[in-house]
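J.: Here is how the chains run, residue by residue.
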Amino acid sequence: MTSVFSLAKMRFVWFLFVGVLLIAQVPSILGSYWTLIALNLMMWVAMTQSWTLFSGMTGYISLGHVVFYGVGAYVVASTFNSIPLWLAVPMGGIAAALLALVVSLPVLRVRGPYFVILTFGLAELVKFSILNLETVSGNSSRLLFGAPSVEILLYCMIGLVVFATLTTLIVTHSRFGRGLTVIREDEVAAATVGVPVLRYKIIAFTVSAIVPGMAGGLMALKSTYFEVLQVFNPIISFTVVTMAIIGGSGDVRGPFLGAVFLVLLSELFWTTAPQFYMILVGLFLILFVIFAPNGIAAFLDKLQISRRSG
Amino acid sequence: MTEILISPQLAFSALVLGSLYSLIALGLNLVYGTMRLLNIAHGDLIMVGAYATFWFFTLTGMSPLVGLPLVAGIAAAIGIILYFSIFRRQLSGIDRVERIEANSLLLFFGVSVILQNTVAMMFSGSPRAYQFLDTVYEVSGLMMTGNRLATLVIAAILLTSVVLFLSRSQYGLSISALIQNQTAARVVGINVSRLQFVSFISGFALAGIAGALVSMTEQISPFMGFPFTIAAFVVIILGGLGNIKGGIIAGMLLGFVEIYVVVLTSANFRSMLIYGLFVGILLLRPEGLLGKTRRH
Chain A
1 MTSVFSLAKM
11 RFVWFLFVGV
21 LLIAQVPSIL
31 GSYWTLIALN
41 LMMWVAMTQS
51 WTLFSGMTGY
61 ISLGHVVFYG
71 VGAYVVASTF
81 NSIPLWLAVP
91 MGGIAAALLA
101 LVVSLPVLRV
111 RGPYFVILTF
121 GLAELVKFSI
131 LNLETVSGNS
141 SRLLFGAPSV
151 EILLYCMIGL
161 VVFATLTTLI
171 VTHSRFGRGL
181 TVIREDEVAA
191 ATVGVPVLRY
201 KIIAFTVSAI
211 VPGMAGGLMA
221 LKSTYFEVLQ
231 VFNPIISFTV
241 VTMAIIGGSG
251 DVRGPFLGAV
261 FLVLLSELFW
271 TTAPQFYMIL
281 VGLFLILFVI
291 FAPNGIAAFL
301 DKLQISRRSG
Chain B
1001 MTEILISPQL
1011 AFSALVLGSL
1021 YSLIALGLNL
1031 VYGTMRLLNI
1041 AHGDLIMVGA
1051 YATFWFFTLT
1061 GMSPLVGLPL
1071 VAGIAAAIGI
1081 ILYFSIFRRQ
1091 LSGIDRVERI
1101 EANSLLLFFG
1111 VSVILQNTVA
1121 MMFSGSPRAY
1131 QFLDTVYEVS
1141 GLMMTGNRLA
1151 TLVIAAILLT
1161 SVVLFLSRSQ
1171 YGLSISALIQ
1181 NQTAARVVGI
1191 NVSRLQFVSF
1201 ISGFALAGIA
1211 GALVSMTEQI
1221 SPFMGFPFTI
1231 AAFVVIILGG
1241 LGNIKGGIIA
1251 GMLLGFVEIY
1261 VVVLTSANFR
1271 SMLIYGLFVG
1281 ILLLRPEGLL
1291 GKTRRH
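Residue numbers (the working numbering), protein chains in the order written: chain A, 1 to 310; chain B, 1001 to 1296.
Bound-form chain B, shown alone (with noise of 0.2 Å):
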């Protein structure tokens, strides 16, 4: 039993996934963060980017890695569309927060709908894949495949220079002021609309990559979307709705939790385990695991 706890193999993948989950988490927590919008519609931001990764490489024979931009353009492409004809009018019309999150919530039901049904009109329903990089390096026992340390590896590079971007540039201060408190932000001068906007597309773009790095390692499909949404609200919900970091955290600290508990236990138990954690959390601290109190 210890063997399999303390063997790299299984490290690596909680590894990957949890810097998934990170990075799905990360798009999220912008457009709730600014905005307070809850975006159901994540996970089919995923899947648009997954489809679009899949139809540049089986049409053009485009690498998933150089596509990455352009995928990033297509889904930041649906959240600029979104912006204009739906959200902007809701943000500016209505005053109450409360009011804002439902309606977001319901709106973005709609969305998610439309997004799975085209594509399933358009593509048909039935799940796809494509082969890349799926050679096997081994490093002193470790095997990973190709596509997975890329997965890894660009996850970490687009978290870490996210965190470095709202930590440390004037225009990312302003964006992470904005987060922690709307009206203040407003009142030291910074264009909050303008930074709603930048912050919405970027969640958009963020989800897009996402799809894009899934794509490369699981088979897609027109529903693929909504366990990754269910996926990111648990973590976005762990780290504490709008904390950036701590969402960062909680997404490496479920991929762990997720890799070791079915291993240790049955993959039956997987979703029992998240909605488990999740509802235990939200009970016991509802302000998220890693999360500052946050009331409104």
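Chain A on its own, in the form it takes in the complex (with noise of 0.2 Å):
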């Protein structure tokens, strides 16, 4: 195994135990504020971790990632005080993760334009479902008293951070990673070689949507209200493709790049000038996309060499 995984993704294990340990400590000596913004924060990790393994891998756009995690916090906020929280949040993730792969033979058919849409109004059709099911039964928001402390679902959180991130690391080294990686390079040759493609499509969207569904499940207990909108909104989606291309979708890195590099960016404009944020999260995709597609994780690579070989 060492073999395969190179110096430098051995070094980023090592970053990823100490700074797990480092966030874990954020409540103790930081306060509630910024333990509020590290739980933000794992969270967008957790999500767009879990977005790389399908979409990154296999370069199908998903635009439908908050399908996953809304379904989960549906599914924790529905069951709240009638099944135990330890319980329900796993069902959140294996619920998102059977929805996934129910929609995923016919959406793994289509490819391009129609995959892209195709995701993104599949999850609005969840969304406006949901929201109807809730508006009949009377329920359209619910409120969740007596959930955990903030401090609690941080800890839940890193455990999913942790368990992407293995997963990832995991599946980029396999048989099956190399299988996915081939597929987005091309599919017709993929199949050729002997790449079982529908299965292995199948199983990577399945296994993605599983974090996703659990960091749905927690969040709908950060906020102690659940509010279909808000949950099911299409701005997550596009905000974990964001963070995955400017940290850098083929990395295990890329995520915990470019999380941390959009919500330091969200923390320093949001709150004074919201719209300002928004225009320089679009010009930096932009300008990732055209200068620097494999996002920061390769920049660092380059920088790295640079001083080497200087």
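Note that these hints are calculated values from the structure, not bench results. Hints are not guaranteed to be accurate.
As the list claims (entries may be wrong) - Computed Cβ-Cβ distance ranges for the label pairs, DEER-style: (1) W34/A to T1060/B: 46 to 56 Å; (2) E267/A to L1173/B: 21 to 31 Å; (3) A1011/B to R111/A: 32 to 42 Å; (4) Q1219/B to P196/A: 24 to 34 Å.
Unchecked claim - For the chain B half of the interface with chain A, some residues (derived, Cβ under 8 Å), not all of them: (5) I1086; (6) L1107; (7) N1191; (8) F1233; (9) A1267; (10) M1272; (11) Y1275; (12) L1282; (13) L1283; (14) P1286.
Stated by the list, open to error - Stretch by stretch, here's where chain A covers chain B in the computed footprint (C-beta under 8 Å, at least three residues): (15) 1010-1019; (16) 1094-1104.
Keep in mind it's a predicted model, so treat the numbers as computed, not measured. Every residue gets a Cβ at the ideal spot worked out from N, C-alpha and C, and that includes glycine.
Since each chain sits alone in its own frame, please combine them into the complex, following the hints.
T.: This is the structure we're talking about:
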């Protein structure tokens, strides 16, 4: 295993380990404001890491990642006080994975623009279906009293980040992961050389839904107030894609870099000038796609190489 | 119930909405068909057109109808800037269609966010409206406001002239050829990049005009564009991506379906209907309801 893990990746695992320990100290050292920010940051890392597991590897850009988050949140909110949380949150992940599995067969048949728009449309369809369901049953918003503290949610979210990151690391260096990469480069050629294209895509799509499902469940507990339009907001999908692109979607470090970058940027500008912040996000997205399509991660590598040779 | 269904009032509303959808989808189709760029900022160009019309009208009193060429020019100017700063490089530097589609989606998303928030920063996020041509005309029981009638007439004129241009003139035929097969078009001596440029800014100009028409009848806000983008994508996928005539027919179809379903059920189902229709069609007939099969 170590032979395929490059030195940089091994060092990354150490960084991950130390970083996780540090973030776990945030509640006791920096207080509640920073605990909330740490929770948000970890949520975005988990979401983006799980997105790259499917979309980064196969090159199928999904604009519907929020649907899994929303389904997880919905499961936790609708079973609140009737099912213990340690069971409800994983159930959210399983429900999201089941949804992914059910829709994967028809959805993964289409490619390119059709796939992009279809994932977006499906997420919206699920959103409006659940919204109508909630309105009909008279539950258009739910209050969740007595949810665990933000601190505990943060520890759970850190666990999710570690889980998502290790999954990506293991998949990247497996036969399965290489199969997915070949699908991205040339799907027809992949099928010709014997990669079980459809099965690989379905597995990756399903697995990538587990983490956002559980993250959605945890975040529903954070806000103590559940609203369908909020947890299914398409902005979440777009933010995830932006973070992946800025950080680097083909690299396990990418989601960390992208999420830290955007969360810091939003800390600086969101409260004082939200529109200016959004303009910056748009500008950075464009600049990265044109000049650094492999994100900050690739940029760091380049920096290191030039330093070593210089 | 049947009285509602055969009422000319409803048919007129559907016709106005459908022609607007067709016009919006036409611009999107031109850009996708000739360049494979997925313009998810299309609705935001509509928003820019609407704001330009609004300000011309409230500041100088210029009639939105007189201002149409001007608004088209503003939208086209944005297109020109984007073409030379971003998209020309994308088209010449990348040869794989999948890559161009994926990149353009991300780039246009950036453009969309920038346009929305720049307008929100300049003119605040609150909705605005103005009154123009809102006298009601009655023709044998059918009530029409002047602005809706104008929307229908202008959209119909534009749609007809673009279709005629694409199918009759030498230049338009070259664009049609380019949409059908880029490699073959290049082989027979068509100046591909020039036609792409022309189609790109025409698509933007059409979006600007559509925005001017929308602003005559509806409230405008910096974030009004997104629903139009989605409607336009639903329409061009129904009609088959890159299929110009299919898109126009599908636009009318969506207008009628939307108006009649909302009347028969409730306005709550509007979004579900659009997305349900969209997902259903994509799953059953990925090549589009009216489209010829076109895979790459």
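J.: Once the shortest beta carbon distance from M1272/B to chain A is found, is it less than 8 Å?
T.: holds (4 Å)
J.: Once the shortest beta carbon distance from F1233/B to chain A is found, is it less than 8 Å?
T.: Since chain A brings a Cβ to about 5 Å from F1233/B, closer than 8 Å, the hint holds.
J.: Per the CB criterion, is N1191/B less than 8 Å away from chain A?
T.: violated (25 Å)
J.: For the region 1010-1019 of chain B, does the count of residues with a C-beta closer than 8 Å to a C-beta of chain A reach 3?
T.: violated (count 0)
J.: For the hint on L1283/B, does the least C-beta distance to chain A fall short of 8 Å?
T.: holds (5 Å)
J.: May I ask you to test the hint 46 to 56 Å on the CB atoms belonging to W34/A and T1060/B?
T.: Roughly 52 Å apart at Cβ, these two residues keep to the hinted range, so it holds.
J.: Using 8 Å as the Cβ threshold, decide whether P1286/B counts as touching chain A.
T.: holds (5 Å)
J.: Any CB of chain A closer than 8 Å to the CB of I1086/B?
T.: Nearest chain A Cβ about 7 Å off; hint holds.
J.: Would you check whether Y1275/B satisfies its interface hint, that is, whether its CB is within less than 8 Å of any CB in chain A?
T.: Given a least distance of 4 Å, the restraint on Y1275/B holds.
J.: Could you check if A1267/B really has its C-beta closer than 8 Å to a C-beta on chain A?
T.: violated (12 Å)
J.: Just to be careful: measuring from the Cβ of L1107/B to every Cβ in chain A, is the smallest value less than 8 Å?
T.: holds (5 Å)
J.: Verify this for me: three or more residues of the region 1094-1104 of chain B with a beta carbon less than 8 Å from a beta carbon of chain A.
T.: holds (count 5)
The structure shown violates the earlier hints numbered 2, 4, 7, 9 and 15.
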